[in-house]
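Chemist: Spelled out, the chains give:
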Amino acid sequence: MSGKPPKGAAWLAERVLPPASILLFVLAWEVYVRARGIAPIYLPAPSSIAVYLWRMILDGTMEYHLGVTLLRIFVGFAVAAVTGIALGVAMGMSRIAAAVADVWIAALYPLPKISLIPLLIIWLGTGEAYRIVISAVTAFFPIVISTYAGIRQADRGLIKAAQDLGANARQIQLKVVIPAAIPSIFAGLHLGMGVTIILIVAAEMIGGSSQSGMGYLLINAGQVMETEKVFASLVVLAVVGAVVIKLQQWTDRRVAPWAHRDDR
Amino acid sequence: MDVLVENVTQVWSGGSRAEVVALDRFSHRFRSGRFSCLLGPSGCGKSTLVQIVGGLERATSGSVRIEDPAAPAVARPLGADSVMVWQNLNLFPWRNVIDNVAFGLEMRGMPAAERYARARTLIASVGLRGFESHLPGQLSGGMRQRVALARALIMERPILLMDEPFAALDAQTKIVMQEELLRIFEATRKTILFVTHAIEEAILLGDEVVVMTARPGRIKEVIAVDLPRPRSLEMVSSPEFGALFDRTFHLIREEVTAAMRQQDTMAAAS
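Sequences listed follow chains U and B, in order. FYI, the numbering used here numbers position 99 of the first sequence as 99, with every residue one higher than the one before it. FYI, the numbering used here numbers position 246 of the second sequence as 246, with every residue one higher than the one before it.
You may find that some hints are simply not true.
Unchecked claim - 16 Å max Cα-Cα, derived EDC-like pairs, lysine to aspartate or glutamate:
1) K175(U) <-> D99(B)
2) K160(U) <-> D207(B)
3) K175(U) <-> D207(B)
4) K190(B) <-> D207(B)
Source of the hints: derived by calculation from the structure; they are not laboratory data.
Construct all of the structure, not just a fragment, from the sequences and the given hints.
Modeler: Below, the structure written as structure tokens:
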């Protein structure tokens with residue numbers, strides 16, 4: 001079904017060059033830092049970042065902070081996904097719900113959610129509730145908007161075909177309109193996951209009393225000029241972010257293989 | 001089942017644009033167990049007509065009645081006796097072949113074991129055994145067409161409405177599907193309303209060809225096709241076929257020219 005895999009040199013280039021470019025960059029970085037004798041506080045060499053990272057893994061700090069952050073991301077994302085999909089579906093099914101919700105979305109969506117942080121800290125303090133709420137509120141909007149759009153744009157032809165085959169209004173919603181919206185809902189979930197990661201780490205940096213999470217680790221290491229730890233945390237965040245997104249894509253393909261048939 | 005269409009008019013009034021009369025006082029009795037082809041230029045309202053007959057569009061005025069010749073007095077709701085095969089198939093892309101075919105039975109609340117058993121039989125009868133768990137996106141155009149046909153036939157409704165079902169197929173696949181449909185018709189004797197813009201197809205398949213005018217769609221002439229059944233593709237080269245073709249062609253040529261003029265003026269206006 002899929003296109004022929006590229007053969008020979010092209011295949012090799014496609015597979016080898018991306019990781020090779022990263023390796024080359026790291027190598028150049030190492031050489032540059034050593035040759036110019038740059039102070040580690042300003043720009044540490046990759047090798048010393050690796051050493052710090054390894055130590056943080058051995059003494060368990062990295063696992064602890066990463067685990068806490070991942071848990072928060074998961075909870076914030078889950079809250080946003082459940083509420084966002086539920087409201088999006090409700091809007092798609094009821095004109096009244098859509099009309100009412102539309103006003104609120106139009107008013108609140110353009111507001112930068114980070115600007116809610118002071119208010120949320122006043123109301124909720126700097127504990128878990130504040131971090132979950134700020135990330136869930138931010139992720140909620142792309143999810144609800146994509147879900148609603150997906151439901152509204154369901155193929156008229158499919159709805160008519162279902163009607164012709166004897167489906168009643170409720171069956172049409174459950175068996176046609178919602179499945180037809182799944183690709184769009186997934187697109188919303190991807191956007192939502194991206195902003196959840198950003199907001200959780202940002203909230204961990206701002207809520208000074210949290211004492212845990214990757215954001216805390218970053219800001220803390222930065223304040224005491226442990227630049228190696230800053231870089232080590234960034235590396236972990238980048239890798240984990242990539243893994244989370246890949247996992248999400250993999251889930252999409254498992255759940256909705258029809259939506260990813262770009263080889264047609 | 002007879003399909004009795006009386007004075008059906010369909011007017012589209014799309015917001016700011018001018019009103020378009022798609023169908024104008026269309027009246028015809030499509031007789032039980034006969035294969036009727038609706039032939040006409042694009043935009044003559046033939047698709048609209050079959051959708052009205054199927055209860056999927058409401059006519060602006062006029063009426064459609066489904067009549068059982070054995071019990072003509074009984075009123076039958078539109079859509080209950082017919083099933084549609086769509087031009088773009090409208091298969092559910094997230095459902096595999098068997099779940100597409102069994103869709104109508106599932107909506108009726110038939111238990112899974114029973115509906116799958118029936119769906120398997122139909123899938124086998126259209127030559128798709130072994131493809132039950134494929135998604136529509138994994139099939140060729142001709143195979144998708146067979147799925148759509150099986151999904152309609154499983155409903156066991158006496159009237160089959162077909163809206164240019166083979167228009168998107170390549171020439172060879174089209175021939176195979178036409179023969180398949182002839183076989184099904186000759187075995188089941190359903191009432192078929194078949195929309196097409198291909199003259200040859202209309203004559204090969206139909207007992208009658210209802211030639212329609214360019215927009216607004218009216219009946220220009222009803223041509224009886226008295227070729228014997230079972231039909232086969234070889235008949236296309238017979239002199240009788242040739243005579244029918246010429247007659248139909250002359251009728252339709254005027255209408256296609258008229259339709260092209262309409263499109264030109266519409267293009268010029270926008």
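Chemist: All hints, please: hold or fail.
Modeler: Here is what the structure says about each hint:
| no. | hint | verdict |
| --- | --- | --- |
| 1 | K175(U) <-> D99(B) | holds, 11 Å |
| 2 | K160(U) <-> D207(B) | violated, 28 Å |
| 3 | K175(U) <-> D207(B) | violated, 38 Å |
| 4 | K190(B) <-> D207(B) | holds, 12 Å |
The structure is inconsistent with the numbered hints 2 and 3, although it conforms to all the rest.
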